[in-house]
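Engineer: Using the sequences plus the hints, can you model the full thing?
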Amino acid sequence: MNYETVIGLEIHAQALTQSKMFCACSIKFGSEPNSNICPVCTGQPGSLPVANKKAIELGIKAALALNCKIEPSSIFARKNYFYPDLPKGYQISQYDKPLATGGWVDIDVDGVTKRIGITRLHLEEDAGKLVHVGADRIMGAEESLVDYNRGGTPLMEIVSEPDIRSAREAAVYTETLANLLRYIEVCDAKMEEGSLRCDANVSLRPVGQKEFGTKTEVKNMNSFKAIEKALLSEEKRHEEVLEEGGKITQETRFYSEETNTTSGMRSKEEAHDYRYFPEPDLPPIEPDDKWIEEIRQSLGELPQKRRQRLIDQFGLNTESASILVYDKPLANFFEDTTKLYDKGAVVANWLTGEVTAYLKEKKKTIEELDLKPPQLAELLKLIDEGTLSGKLAKGVLVKVIETGKQVKDIVAESGAQISDQGELNKIIAEVIANNTKVVADYKGGKETALTFLVGQVMKLSKGRANPALANQLLKEALT
Amino acid sequence: MINKSAHELHSLLSSKRVSSLELTEAVFARIDQVEDKVKAYITLTKEEALRQARAADARLKAGNNITPLTGLPVAVKDNMCTQGVLTTCGSKILNNYLPPYDATIVAGLKSAGAVIIGKANMDEFAMGSSTENSALYPTRNPWDLTTVPGGSSGGSAAAVAADEAVLALGSDTGGSIRQPAAFCGVVGMKPTYGRVSRFGLVAFASSLDQIGPLTKDVTDSAILLGAIAGHDEKDATSVDLPVPDYRKALIDDVKKVKIGLISNLLGDGIAPEVKLAVKAAAEALAKLGAEIVEVELPSFEYAVSTYYLLAPAEASSNLARFDGVKYGHRSGGTKDLLNMYYNTRREGFGPEVKRRIMIGTYALSAGYYDAYYLKALKVRTLIKQDFEKALGKCDVLISPTAPTVAFKVGEKTADPLAMYLSDIATIPVNLAGLPALSLPCGFSGGLPIGLQIIGRAFAEETILRVAFTYEQNTKWHTQKAKL
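Same order as they appear, the protein sequences are chains G and R.
Be aware that the first sequence starts at 1, since it is given in the UniProt record's numbering, and climbs by one per residue.
Be aware that the second sequence starts at 1, since it is given in the UniProt record's numbering, and climbs by one per residue.
Quick caveat, the hints were computed from the structure, so don't treat them as lab data.
If you're wondering where the values come from, they're calculated on a predicted model, not measured in any experiment.
Each hint should be verified, as a subset may be incorrect.
[To be verified] Derived SDA-like pairs: lysine to any residue, alpha-carbon spacing no greater than 25 Å straight-line:
hint: 1; chain 1: G; residue 1: K53; chain 2: R; residue 2: V239
hint: 2; chain 1: R; residue 1: K326; chain 2: G; residue 2: E143
hint: 3; chain 1: G; residue 1: K97; chain 2: R; residue 2: K384
hint: 4; chain 1: G; residue 1: K79; chain 2: R; residue 2: K375
hint: 5; chain 1: G; residue 1: K229; chain 2: G; residue 2: N201
hint: 6; chain 1: R; residue 1: K326; chain 2: G; residue 2: S19
hint: 7; chain 1: G; residue 1: K290; chain 2: R; residue 2: E233
hint: 8; chain 1: R; residue 1: K326; chain 2: G; residue 2: A127
hint: 9; chain 1: G; residue 1: K79; chain 2: R; residue 2: K234
hint: 10; chain 1: R; residue 1: K92; chain 2: G; residue 2: Y83
hint: 11; chain 1: R; residue 1: K335; chain 2: G; residue 2: G264
hint: 12; chain 1: G; residue 1: K343; chain 2: G; residue 2: P373
hint: 13; chain 1: R; residue 1: K92; chain 2: G; residue 2: P84
hint: 14; chain 1: R; residue 1: K326; chain 2: G; residue 2: V146
hint: 15; chain 1: G; residue 1: K114; chain 2: G; residue 2: I311
[As the list claims (entries may be wrong)] A short list of chain R residues far from chain G (calculated; beta carbon distances all over 12 Å):
hint: 16; residue: K61
hint: 17; residue: T70
hint: 18; residue: P242
hint: 19; residue: V293
hint: 20; residue: L417
hint: 21; residue: W476
Where is the CB? At the ideal position from N, CA and C, for every residue including glycine.
Structural biologist: Below you can see the structure in the form of structure tokens.
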């Protein structure tokens, strides 16, 4: 039988605040265990939560970017369950009245645009972290220690509609969302550090059937690649079970990257009735229209719109426009450079090529570099003027980045391109004199011999010869 | 000296006729004398109290920064966090808990220069109406040691009635300040929900809990309320309204005040002598110029049932944090998490607390939520509306505080439902979030009877005015328990 895969994703994105969701403790990553804690986030008797206004603002910002409706009144609810990383015995979350509902995001899957519905976005607090001794779960551990530093970190949970039809789409959706959240500066979206986490609901149904099949929830996917692999593996497992006439059990399954399979949890851990009810310690969130409008204004141009504009305005191709807009500082660098040097496609090539490669290699961001738009513009102008060849310019670029010196100083030190005919002819004469056999080959009709001779000219000039001119003069000299 | 009210003692302290140290030592001498019989306290902090008294004397001597509480001995119910001082909530599960912080009102008492005598006994986690549910020992009623002091703030009420404290703080979720005040012949006030910070008050039912004063007279109630009321940015349910000078509300005049006598709290289930006393109080107020009308609040019939769904539901969640992981009792000898949870909670909680956790868990469970919790929320709205209607016509409402005078120790412990009904007149007020005060209005068989005065939200001043006028013209409060 042919099956259709149906996937809905729950993304947990850590809001970029200074402090926790319901207390003033810092959310700095990597502090000493239990150093960023207080009576509130350790659930001391008598302590009370107070909602972090900045977290609500970032939640609204994200919801607006996802085309959601901000609910005029949303409430916090308690999700009750026992676990040592949950100090109050309940998590403060949102349940039947979330912060925002009914949005969408467009994703590009291998050249095809698809719209994925967003069911809701709500706010909640993160749990603490358990460290087990002697086992990797609490079951069977000799002892387990708890660190409440992460406890109370503000999270935005973004729930998609079951609109996703393949593992690939799920990975692209998550990456698109990560890029968007990072672009609007509400989340740094680092899956490896856990500031963006993804759970997937997966089910299969025969093609043409309307009803959903039984779903499983897949957890523990720690990269975009892992999402795709995990969901492919789970999809395959469903298909095998169904093909053999079996039934899928509704359960939570953990993905292991090592084995590239998912495995179920023990049913005892699974049997939860969370007994949600409205959190009596917190008033409803009722953002006024003026505040929502201010937040909307602060969004500015969203990445998908900006990408289209870059394509239309500068004639960029989709790929380089995409690379630029999902790194907001890089896109800003691009636009600032084009104000000084108007060949946008050239600027984009340099930024998405040389510069991006350098950033990736050194694990840096464009903002951390000494290279600024005026220098890149100056460099590109020097190429156009013939002062530098493309290759020379690349060397100059690296020197600018690594030394912080000015472009013109570096060019003065290492020398500009040689475009003076007299000077080039002297070098050419020397090359011809030293390579009589190759010259003879060329004259005998071996066209490729010319490439070698040009190479010799470049070598002798220490790379400074204007290659096009050298090529032309060499040809003339050999006829 | 120790039988005097706070405002009388304040004059003596301010005029240096008495020092706070003398007063505090006198209170501890009284405690030495009667505490064995009354058992009002769980923890006494004598050393720290004497230190605070000396500091208060220095303030009084310097003559600056003197508040109406400076130098006055106060008892604090044991469900309010006191930094570094044992806070048990009357429970075994917190038998070793030293809070790392002060409740907002405790910090407020300290900065006002009050002297904290100790932590008062209570029903475990404030669940009960007799203080017999304390895991440590029951408190006795100073008027008759064979009867209960009421609850859950029985320790606070008994301490004030027995002169083991000049002032006390209690908490009231369904009547836990007013009912013990009535049983012990003192004045107890539950402020409007949101008037006093709950930060540091160990939660029983968060949407109902409110801290309030237990005092020897109405003037002291106004003074202590003024000291603890106000917005707290650490409590999102506390209301940002200015705090009036409540003493200015103490006017001996009720002319043109319209008072509603709640007729359905004078029917079945209310002891005849209590009915008589409350009717007599209404007549006395009428003679003083108030207009008395009868009002009926039909939804009251459902108040106790509603309360016993909502309060346990919230409690079942609030008490989840007592799991042996972070503080308090942890059962030893278990090898796995689930059994550690089971045994810790089995050993740590008493029967009434377990009963309410189970009721609340059930009411919130999938499949029962709509029928119980949600329905109770709807009835709560009806009760609020009944009050709004009645208080639209009347300035205050009056009723008995409790259906009977103090009952015998052990009389109702075997019958939880009978115990629950002793809060029949106080519970609706918490459900509506309104302020109410109980003050003495007579005696039956040598035991005090309480009159409840209920006001509009944030209209504590009207309640205080009516209570003050009644008190000044009846003088029930001058009678003292003989120990």
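Engineer: Each of the hints needs a verdict: does it hold here or not?
Structural biologist: Now the hints, each set against the structure:
1. G:K53 <-> R:V239: Status holds; Cα separation ~18 Å.
2. R:K326 <-> G:E143: holds (15 Å)
3. G:K97 <-> R:K384: holds (23 Å)
4. G:K79 <-> R:K375: The hint holds at about 20 Å.
5. G:K229 <-> G:N201: Within the cut-off at roughly 15 Å; holds.
6. R:K326 <-> G:S19: holds (22 Å)
7. G:K290 <-> R:E233: holds (24 Å)
8. R:K326 <-> G:A127: OK: K326 (chain R) and A127 (chain G) at ~14 Å, within 25 Å.
9. G:K79 <-> R:K234: holds (22 Å)
10. R:K92 <-> G:Y83: The hint holds at about 22 Å.
11. R:K335 <-> G:G264: This hinted pair holds, its Cα atoms lying about 24 Å apart.
12. G:K343 <-> G:P373: Roughly 13 Å separates the two Cα atoms, so the pair holds.
13. R:K92 <-> G:P84: holds (21 Å)
14. R:K326 <-> G:V146: This hinted pair holds, its Cα atoms lying about 9 Å apart.
15. G:K114 <-> G:I311: Given pair K114 (chain G), I311 (chain G) holds - Cα atoms ~19 Å apart, limit 25 Å.
16. K61: holds (35 Å)
17. T70: holds (26 Å)
18. P242: The assertion about P242 (chain R) holds, with a minimum of 20 Å to chain G.
19. V293: V293 (chain R) clear of chain G: closest Cβ-Cβ about 34 Å, beyond 12 Å.
20. L417: At about 25 Å from chain G, L417 (chain R) clears the 12 Å cut-off, so the statement holds.
21. W476: holds (35 Å)
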